[in-house]
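Respectively, the protein sequence lines represent chains A and B. Taking the numbering used here, the leading residue of the first sequence gets 5, the next gets one more, and so forth. Taking the numbering used here, the leading residue of the second sequence gets 3, the next gets one more, and so forth.
Each hint should be verified, as a subset may be incorrect.
[Said to hold, decoys possible] Cβ-to-Cβ under 7 Å is the rule here; a few derived chain A residues that face chain B:
id : residue
1  : 18
2  : 20
3  : 24
4  : 103
5  : 125
[Said to hold, decoys possible] A few chain B residues that don't get close to chain A, going by computed Cβ distances all over 10 Å:
id : residue
6  : 54
7  : 84
8  : 136
9  : 149
10 : 169
11 : 181
12 : 202
13 : 247
14 : 266
15 : 329
[Stated by the list, open to error] Here are the in silico distance ranges between beta carbons for each label pair:
id : chain 1 : residue 1 : chain 2 : residue 2 : range
16 : A       : 110       : B       : 264       : 45 to 55 Å
17 : B       : 507       : A       : 110       : 25 to 35 Å
18 : B       : 316       : A       : 35        : 11 to 21 Å
19 : B       : 449       : A       : 76        : 51 to 61 Å
20 : A       : 35        : B       : 317       : 17 to 27 Å
Since the hints were made in silico from the structure, they are not lab data. Just so it is clear, the structure is predicted and the values come from calculations on it, not from any experiment. All C-beta atoms in this analysis are idealised placements derived from N, C-alpha and C, irrespective of residue type, glycine included.
Chain residues, written in single-letter form:
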Amino acid sequence: MTDSGKLILLVEDDENDVFFFRRALKKAGLEIPIRLVTDGEQALQYFNGDGQYRDRAAHPLPDIIFLDLKLPYLSGMDVLEHIQKQPALNTIDVIVLTSSPEERDRKRAFELGAKEYLVKPAAPKTLLQILDRLMQPRE
Amino acid sequence: MNVSELTQVENRDSWLAAIVESSDDAIITKDLNGIITSWNQGAQRIFGYSAEEVIGKPVAILIPPDRQNEEPGILARLRNGQRIDHYETVRQRKDGTLLDISLTVSPLRNAEGKVVGASKIARDISVRKQAQRALRESEERFRAVVDNIPQMAWTSTQSGDVTWYNRRWYEYTGTTFEQMKGRGWIAIHHPEHLERVVAKFDESLQTGRVWEDTFPIRGKDGKYRWFLSRAVPIRDSAGKIQLWFGTNTDVTEQREAREALARSHDDLEKRVTERTASLTEAIAQMEEFSYSVSHDLRAPVRAMQGYAQATLEDYGDILHDQGREYLNHIVRSAERMDRLVRDLLTYSRLARSELELQPVSLDRLVRDIVSHYPEMQQPKAEIITRGTLHSVIAHEPSLTQALSNLLSNAVKFVAPGVKPEVELYSEQQGARLRLWVHDNGIGIKPEYRGRLFGLFERIHNGKYYEGTGIGLAIVRKSVERMGGRVGMESNGKGSKFWIELPSAQTDS
Numbered sequence: 005m006t007d008s009g010k011l012i013l014l015v016e017d018d019e020n021d022v023f024f025f026r027r028a029l030k031k032a033g034l035e036i037p038i039r040l041v042t043d044g045e046q047a048l049q050y051f052n053g054d055g056q057y058r059d060r061a062a063h064p065l066p067d068i069i070f071l072d073l074k075l076p077y078l079s080g081m082d083v084l085e086h087i088q089k090q091p092a093l094n095t096i097d098v099i100v101l102t103s104s105p106e107e108r109d110r111k112r113a114f115e116l117g118a119k120e121y122l123v124k125p126a127a128p129k130t131l132l133q134i135l136d137r138l139m140q141p142r143e
Numbered sequence: 003m004n005v006s007e008l009t010q011v012e013n014r015d016s017w018l019a020a021i022v023e024s025s026d027d028a029i030i031t032k033d034l035n036g037i038i039t040s041w042n043q044g045a046q047r048i049f050g051y052s053a054e055e056v057i058g059k060p061v062a063i064l065i066p067p068d069r070q071n072e073e074p075g076i077l078a079r080l081r082n083g084q085r086i087d088h089y090e091t092v093r094q095r096k097d098g099t100l101l102d103i104s105l106t107v108s109p110l111r112n113a114e115g116k117v118v119g120a121s122k123i124a125r126d127i128s129v130r131k132q133a134q135r136a137l138r139e140s141e142e143r144f145r146a147v148v149d150n151i152p153q154m155a156w157t158s159t160q161s162g163d164v165t166w167y168n169r170r171w172y173e174y175t176g177t178t179f180e181q182m183k184g185r186g187w188i189a190i191h192h193p194e195h196l197e198r199v200v201a202k203f204d205e206s207l208q209t210g211r212v213w214e215d216t217f218p219i220r221g222k223d224g225k226y227r228w229f230l231s232r233a234v235p236i237r238d239s240a241g242k243i244q245l246w247f248g249t250n251t252d253v254t255e256q257r258e259a260r261e262a263l264a265r266s267h268d269d270l271e272k273r274v275t276e277r278t279a280s281l282t283e284a285i286a287q288m289e290e291f292s293y294s295v296s297h298d299l300r301a302p303v304r305a306m307q308g309y310a311q312a313t314l315e316d317y318g319d320i321l322h323d324q325g326r327e328y329l330n331h332i333v334r335s336a337e338r339m340d341r342l343v344r345d346l347l348t349y350s351r352l353a354r355s356e357l358e359l360q361p362v363s364l365d366r367l368v369r370d371i372v373s374h375y376p377e378m379q380q381p382k383a384e385i386i387t388r389g390t391l392h393s394v395i396a397h398e399p400s401l402t403q404a405l406s407n408l409l410s411n412a413v414k415f416v417a418p419g420v421k422p423e424v425e426l427y428s429e430q431q432g433a434r435l436r437l438w439v440h441d442n443g444i445g446i447k448p449e450y451r452g453r454l455f456g457l458f459e460r461i462h463n464g465k466y467y468e469g470t471g472i473g474l475a476i477v478r479k480s481v482e483r484m485g486g487r488v489g490m491e492s493n494g495k496g497s498k499f500w501i502e503l504p505s506a507q508t509d510s
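Can you build the whole structure from these sequences, using the hints too?
Here it is in structure tokens:
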């Protein structure tokens, strides 16, 4: 797992949730590098290589995104919509990680191409299962 | 005169006599003093006297007392050799009844040409007079009626020229017949409507179909009022149109009432739209609020729980037992707080969401629910169904919510050391199906049953049984939103909760 060569982008504005996410990954024994952006606009800048993310070598496109829904500026749904419209981002697996158990959020997220929908806090076991599945070499 | 001439004369006399006798009219002769000298069969039929009774009597016996003064005048004219033609008067029968007659009186002259008497031909015209009287009375009644109805009325010729208006017409319009006759009525029509009104009226005149139209007519005060106008053709026995009879009924108030009603209807719709918009906005705000609550309120709780848990995991070994116990309290309290918030959200969502109802199989639903909860499965618990549970009309997510809560209660509230056993069965109750959930739990005291389905009501001690006090409120709210009912019975051996919903069976 350590040398999977995969990269996670975490889109999360709550410091505590960032801490719990990192801790859960660690407890699951997953040592995947994580890049962090703390709002929806930053996420878009990251994808587009704008501003502070101009250097693509330093800020490579992620393989997996963990996306909070309630974010400052652009919401998680807006980010999902953006990803869905960009062919270059189509290979990225998006996992929604939110505190909303609302059915309509779950439905909307899947409509916008999310691969998984997790309600916080994410248990290490769940993360392990999901990442294991996503990291299988694709056909 | 020879025999043959005499015979001829006799023949002619008897021929004339036969004509006189066979006449329907009364043919009477009298002398210049008014004494009756001859009396035919017709006279007998009309007046009731026989010839024997009246010949030699004054003709005055045929004259009613109030007309006795007519006779001297008649006699005076006769003496002057004048005729009286078709003089309509009244005479009296033998029985005293009066009759209308038309009288023709001619002077009778002798061979020298001197007037010696008179012949009277009296024709009974009482039937015709009666008919005339009846017609006049009928017309008077008609006038009385049409002059006193609240409508305006008129008659027109087949070419649309008005020949008569009732009194109401003149009262309302302040016009005269001279101004209004023919097509004079055009002058008091509203210019914006006139062309249409005339065209439609002319069309009816041509086709002979009943005319009906609504338009304004100017009153004498210069103001227009609206009239519903109708005219029907009056035909003779051959079917030819003799005249048109029309009426105009003032419908201004009805129109105004209708318009006011339409306005108030529009106002009402506008208000409903506005109210709906503000409600929709309120609901949207409520949704926004709920969303914020679910996210923002739960975030710090989750953090407390998470850090307490992390502290226990990472530093548990350097803490005293009591320190660890405190952290466990924080974790449990935070978990409880989180569950409370989630349950409250569920409850408030239930109260306002729109539910689409469709048939739901209870057997499948129970299997699905049990498969999601390890605590409802062997070996921890046993949930069995007796017979087929059938289907109900419900909103599946809401019913899942309700039934999950009931089943999780059923396996939770048991005495320590007892394995929960729950039996499910259903019974048809008319058009409804009642699903029973019978457990072997600790039961509920009768005095607490009234509070059972209330919000935040907890019947059992939280020290032994976890709960937020919202579960059964959710059950009731969701079932009621689907048009159903909930209830419970307890006979000391566990509790029997039931949910009643419209049955999906159509043939039972």
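Hints, verified against the model:
1. 18: With a minimum Cβ separation of about 6 Å from chain B (threshold 7 Å), the hint on residue 18 of chain A holds.
2. 20: holds (4 Å)
3. 24: holds (5 Å)
4. 103: holds (5 Å)
5. 125: holds (6 Å)
6. 54: holds (122 Å)
7. 84: holds (117 Å)
8. 136: Correct as stated: the minimum Cβ-Cβ distance to chain A is 86 Å, above 10 Å.
9. 149: Fine: 75 Å to the nearest Cβ keeps residue 149 of chain B off the interface.
10. 169: Given a closest Cβ separation of 75 Å, the condition holds.
11. 181: It holds; residue 181 of chain B is separated from chain A by about 76 Å at its closest Cβ, greater than 10 Å.
12. 202: Check passes; 60 Å lies beyond 10 Å.
13. 247: holds (71 Å)
14. 266: Holds: least Cβ distance 39 Å, greater than 10 Å.
15. 329: Residue 329 of chain B is indeed farther than 10 Å from all Cβ atoms of chain A, at 16 Å.
16. A/110 x B/264: 45 to 55 Å: Check passed, 47 Å falls within 45 to 55 Å.
17. B/507 x A/110: 25 to 35 Å: The hint (25 to 35 Å, Cβ to Cβ) holds, given that residue 507 of chain B and residue 110 of chain A are roughly 33 Å apart.
18. B/316 x A/35: 11 to 21 Å: holds (18 Å)
19. B/449 x A/76: 51 to 61 Å: Cβ of residue 449 of chain B to Cβ of residue 76 of chain A: about 52 Å, so the range 51 to 61 Å holds.
20. A/35 x B/317: 17 to 27 Å: holds (23 Å)
Going through the hint list in order, the structure satisfies each hint without exception.
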